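Letter by letter, the chains look like this.
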Amino acid sequence: MRAESSPERDNLIACDKCDALYRVTKIEKGERAVCQRCHTVLIAPVQDAGLKLIAMALACLILVISTLFLPFLEIQRLGFSNETTLLDAARAFSGGFLGVLVVAVVLFMLGLPALRLAITIYTIAPLVFDRPALPHAKGLFALSERLRPWSMAEIFLIGCAVSLVKLGELARVEFGPAFWMFCVLVVLIVIQDTLMCRWSVWRALDR
Amino acid sequence: MTITARERGLVGCRTCTKVWPEGTPRCARCGAKLVSRDTSSLQRVWAWWLAGVLAYIPANMYPMLQTRILFQTSEETIVGGAIELAAYGSYGVALIIIAASVLIPLGKFFAIAYLALSISRGSRRAAGQRFLVYEIVEFIGRWSMIDVFVVAILSAVVQLNLAASINPGFAALAFALSVIFTMLSAQSFDSRMIWDRASSEAEEGAPSAQSRTPAKDMA
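Top to bottom, those sequences are chains A and B.
Read in the numbering used here, the first sequence has 159 at position 170, and its numbers run on one by one without any break.
Read in the numbering used here, the second sequence has 50 at position 68, and its numbers run on one by one without any break.
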């Protein structure tokens, strides 16, 4: 059974965290609609959000690719030195227990954020240019929302800081260009998250 | 007084917040399954919770890191590593590790168990307070991953042949799994159930302080 949509019900939204029912009124750009009961942000449209999101996502993707190929950390001890790019790290240990760990970590810190950025471009770009949504856009956007807690770039950054302190006793460490790009990437991802209004995207996808 | 979708015979989509008549199986907009209250969710919460607790035990018993400097090998557990850091004078970092690897996971186990029990047995605590607990658990749970990342970074970087090498221990895997299982446990929880009992009682307090809210109440 498929429910027909009715114009009256189309104006209603239910808070996904507490089920409170609201009638949507006109919400200006820059305003926020907050659930009165549990304070979850329901609607938060931003001026020209689509274009800004695409620009941000493209910049982020470029940073992701550079982060993969440029040296991330350099370490020296007793004349031995080792310069690591993330891709080298992932490849060098492909196989074995450490391999699984490194691949999983690269997935959490870079793979999932990159996937979410790509999905953002794929779903939002056609909407911004007044084209119909591309196939599977809705499913992909839902997937991207579900992956949000699993993309852990900012946590990895704190991990880098802790590692540096732990390494301090053992060897000399220097950050490579990829590390600084990764820092910028984390900041951009956080900003990008505040631009995205879930409700507006779903409504636009529905047209 | 808040009116819920369920009281109006409607069901809200948890993915895209669209509202459908009760009994609609799937959201026609985003394709998500529709349930007014996910009653089987508590079973999933407890299953993942148990898996998380079980994985957390070996995570603390086995070594997290295996460090070899020249011909000396040493192993350290999560707590041992933090104590060593503190001994070297890095109190701040030791505190971060203890918070992320011990306090947050333990706190999460208790918080999720409390929330699940408060649903099945009822609770006198206000729904708002219990929801705050839920939000903190959802927000803070991912941060436990710090120690896993540290182990991965150290072992990927410190591979200097004879001079020094660091390898991950079994605890790194167990701990990562524990964090993942508890995140899944928290995500399985249907937070709408926190509010159900509350709405039958009198609503406490005035409308929210943040009531710049343009979304109009149904009442």
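I should point out that these hints are in silico values taken from the structure, not numbers from a laboratory.
Since this is a predicted model, take the numbers as computed values, not measurements.
Just so you know, even glycine gets a beta-carbon here, dropped at the ideal spot from N, CA and C.
A portion of the hints provided could be inaccurate.
Example chain A residues on the side facing chain B (calculated, C-beta under 10 Å, incomplete) [unchecked claim]: (1) F58; (2) F69; (3) F86; (4) A93; (5) F118; (6) W139; (7) K155; (8) Q181; (9) D182; (10) T183; (11) R187; (12) V190.
In rising order, the numbers of the hints this structure does not comply with
Checked against the structure, the hints that fail are numbers 1, 5, 8, 9 and 10, while the rest are satisfied.
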